[in-house]
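Enquirer: So the protein sequences, as listed, match chains A and B.
When you read off a place in the first sequence, starting at 1, and then add 42, the result is the number in my numbering.
When you read off a place in the second sequence, starting at 1, and then add 629, the result is the number in my numbering.
A couple of the hints might just be wrong.
To be verified - Examples of chain A residues lying across from chain B (beta carbon under 8 Å, computed):
1. Pro119
2. Ala121
3. Arg122
4. Ala124
5. Gln125
6. Gly131
7. Gln134
8. Thr135
9. Gln156
10. Tyr288
11. Leu290
12. Leu294
No wet-lab data here; the hints were simulated from the structure.
Here the structure is a predicted model, which means the values were calculated and not measured.
The beta carbon of each residue, even a glycine, is placed where N, CA and C say it ideally should be.
Here are the chains, one letter per residue:
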Amino acid sequence: MADMGLGLGSTDTCRNGAAAPQQGTSRVLIIIPCFNEEASVGGLLSEIAATGRGYHTLVVDDGSSDATSAVASCRSPVARLAQNLGIGGAVQTGIKYAARQDFDFCIQIDGDGQHDPRAIETLLEAYRNDPTNITIGSRFIDHAGFCSTRMRRAGIRLIVLALNGLFSGGRITDPTSGMRLLDRSAIAFFAKAYPTDFPEPISLAWAMRAGLTVSEVPVEMRARETGVSSIDGLKSASYMIRVLGYILLARLVRAS
Amino acid sequence: MTDALPSPETVVVVSAFALIYMLVLLRKTMQGKFDLYDFLMLSMVAIIPAGFTLFPTLAYLVSHLTGVVFPFVVMFGALFLVVFAFMHNMTARLHRLERQNFALIQEQSLLVLELQAKEGRRGVES
Numbered sequence: 043m044a045d046m047g048l049g050l051g052s053t054d055t056c057r058n059g060a061a062a063p064q065q066g067t068s069r070v071l072i073i074i075p076c077f078n079e080e081a082s083v084g085g086l087l088s089e090i091a092a093t094g095r096g097y098h099t100l101v102v103d104d105g106s107s108d109a110t111s112a113v114a115s116c117r118s119p120v121a122r123l124a125q126n127l128g129i130g131g132a133v134q135t136g137i138k139y140a141a142r143q144d145f146d147f148c149i150q151i152d153g154d155g156q157h158d159p160r161a162i163e164t165l166l167e168a169y170r171n172d173p174t175n176i177t178i179g180s181r182f183i184d185h186a187g188f189c190s191t192r193m194r195r196a197g198i199r200l201i202v203l204a205l206n207g208l209f210s211g212g213r214i215t216d217p218t219s220g221m222r223l224l225d226r227s228a229i230a231f232f233a234k235a236y237p238t239d240f241p242e243p244i245s246l247a248w249a250m251r252a253g254l255t256v257s258e259v260p261v262e263m264r265a266r267e268t269g270v271s272s273i274d275g276l277k278s279a280s281y282m283i284r285v286l287g288y289i290l291l292a293r294l295v296r297a298s
Numbered sequence: 630m631t632d633a634l635p636s637p638e639t640v641v642v643v644s645a646f647a648l649i650y651m652l653v654l655l656r657k658t659m660q661g662k663f664d665l666y667d668f669l670m671l672s673m674v675a676i677i678p679a680g681f682t683l684f685p686t687l688a689y690l691v692s693h694l695t696g697v698v699f700p701f702v703v704m705f706g707a708l709f710l711v712v713f714a715f716m717h718n719m720t721a722r723l724h725r726l727e728r729q730n731f732a733l734i735q736e737q738s739l740l741v742l743e744l745q746a747k748e749g750r751r752g753v754e755s
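If we strip away everything but chain B, and leave its shape as in the complex, we get (with noise of 0.2 Å):
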């Protein structure tokens, strides 16, 4: 099942790339930058090819489970997979917050209406 193994320079480089990656994603996390959904999901753009890369056995037997010749293959295939769920989320997150955008700008308009028609009413009584 095992073809080939990743040479140890490889295995170094993308140690390196995923620790470092996940450490400025951490701190930008720990300053409130991210939520721990969006260091989850970020993070997986190392978690992926430092899984692959370090335990190859388990990507080749992945990619003869799913009959995808090439390991590399599913490892993008993993990464575009999680690509979407997280653009999906976003989406449905922006959505919302445009609708309550929107509901807050109109509630601000309408309470200085109110506000305006209060202090008119008052101006009038006094």
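Looking at chain A on its own, in the form it has when it is part of the complex (with noise of 0.2 Å):
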């Protein structure tokens, strides 16, 4: 596949301590971490070629028990997790290909299709104007699209107070977004540590903690196509509190 002619070719150390790509052309991959995703991978990795950007990507299979591999497999290289890990192990083997690849950028997206593949170029658009570690494509900047249930959006209210309130490094609206890319600096960071439980929230403590910066931008995202959330009902108020708690963790624990 081709690489990414981003036009990032300045061997300026970008503000914020984000440092840009040295060479012309920027190598990007596509992260889609998936447990039993067969009904929406393969489309997916269609409207992702449709894009016609040529990105490298990279289906990380969580021990799923469909025929997700078989489905993504036709189209992309995949990596099989033997059992599964949950979001956090899936994300994170995404990452150590990045790293181990020696990618300039990663960029995670989700497999049920949430996800628009067109707003990739929205973050690395973004990332050109505005580099910082890492990206996150908001929902609650502009309220465009699929903007999850009011109770969530409470509870993601809540999340926002804490990072902002006990952390610097970028303002965030939607730290619960499955949509961020990650520059050089914050794929490092990841490959060697990346949470498990609850890790889009998590991680964004870890890396501001440990001085990345993360910027936002708008995008749409779209009502799951298939499955139904592991978050739901008792269960958002239980990961309302272990999330802060981690969160108010991250600040008083030093990073190592």
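Please assemble the complex out of the two chains, which come individually in their own frames, going by the hints.
Expert: Written as structure tokens, this is what we have:
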């Protein structure tokens, strides 16, 4: 597959501590963590191919019991995890791959079809304009498209308050977004350690604690095509308490 | 200091239990089911009550020193302490094993990918 010409050829060290790639072309890896997504992953890979950008993709099959791997392997390399590690373990597998294969950027998108692959270019464009180590695709800047339920939005607001109040390094509106771009520094950081529980908000806390910078760009998300969310009902309350606890812990514990 | 001594029956029952229990533990340790640390910690369930029964004067002295009226309260306190220490250690071991398991599963999947890529390249070359 072709490499991406991002026009990031400048040798400047970008502001906010994010370092731009040195070459004229940048290698971009799209990480797609999947668990029983045979119904949506094929369509998603087709959509990525249809963007015509020639992104490298890696599907991480998180111990699916359906034909996710078979469907995905027709169009993309697939890392098959022998056991279900959860979203954190799956994403970190992709990040480790990106680190070893020397990618300049990796972009995580969900395998359930919630993220529009056309927004990948929006993330890269945002990095080009304002390089930060992590660029999040946020639902809550423009409030366009699927924005989750009211209860969840209230919970997300609490997490936002905790993250923005306890850490510096960026103003966050959508800490649970599964669509995010990592540059080389963030790839190297998360290849070493990535949270297994509630990885999206906790990883931001860890990153900001370590001095990485975070920015956001508005993206539109779609309603889930197939399957159901794993965080429903009483689990939401437990999720909230635990996430807030982990964020507080991240603040109290020094970065190693 | 010594108010009441354990009856001979109590001494026999507790000693017999300690002996049998420790023999079972020893057998399992020799079979490799437990390591020496597990053996030591699990043995405490037998060693502590046996110690309190076989050395009642010492038990009363310990309870007097700790300010607890009844030696059996001290005994259960000591047992709880051992259990918590054991649990603490087990939790840490479990967490470490879980992280190692995660890393191994990730490594295995990445190595398979690497192997496939190498085979693909070899196929193209030949």
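Enquirer: Could you run down the list of hints and mark each one as holding or not?
Expert: We went through each hint and held it up to the structure:
Taking 8 Å as the C-beta cut-off, the interface hint given for Pro119(A) holds, the closest approach to chain B being about 6 Å. For Ala121(A), the interface hint holds, since its Cβ comes within 8 Å of a Cβ in chain B; the closest pair sits about 4 Å apart. Proximity of Arg122(A) to chain B holds as hinted, the smallest CB-CB distance being about 6 Å (cut-off 8 Å). Satisfaction of the interface hint for Ala124(A) is found here, the shortest Cβ-Cβ separation to chain B being roughly 5 Å, below the 8 Å cut-off.
Proximity of Gln125(A) to chain B holds as hinted, the smallest CB-CB distance being about 6 Å (cut-off 8 Å). For Gly131(A), the interface hint holds, the least distance from its beta-carbon to any beta-carbon of chain B being 5 Å, beneath 8 Å. The interface hint given for Gln134(A) is met, as the beta carbon of that residue sits about 7 Å from the closest beta carbon of chain B, less than 8 Å. A cut of 8 Å between beta carbons decides the hint on Thr135(A): the least distance to chain B is about 5 Å, and the hint holds.
Below 8 Å, beta-carbon pairs count as interface contacts, and Gln156(A) has none with chain B, the closest being about 24 Å; its hint is therefore violated. Hint status for Tyr288(A) relative to chain B: violated, with the closest Cβ pair at about 15 Å, above 8 Å. With 8 Å as the threshold, the beta carbon of Leu290(A) stays out of range of chain B, its nearest partner Cβ sitting at about 20 Å, so the hint is violated. Restraint check, Leu294(A) versus chain B: the minimum CB separation of about 19 Å is more than 8 Å; hint violated.
Comparing the model with each earlier hint shows violations of hints 9, 10, 11, 12; every other hint is respected.
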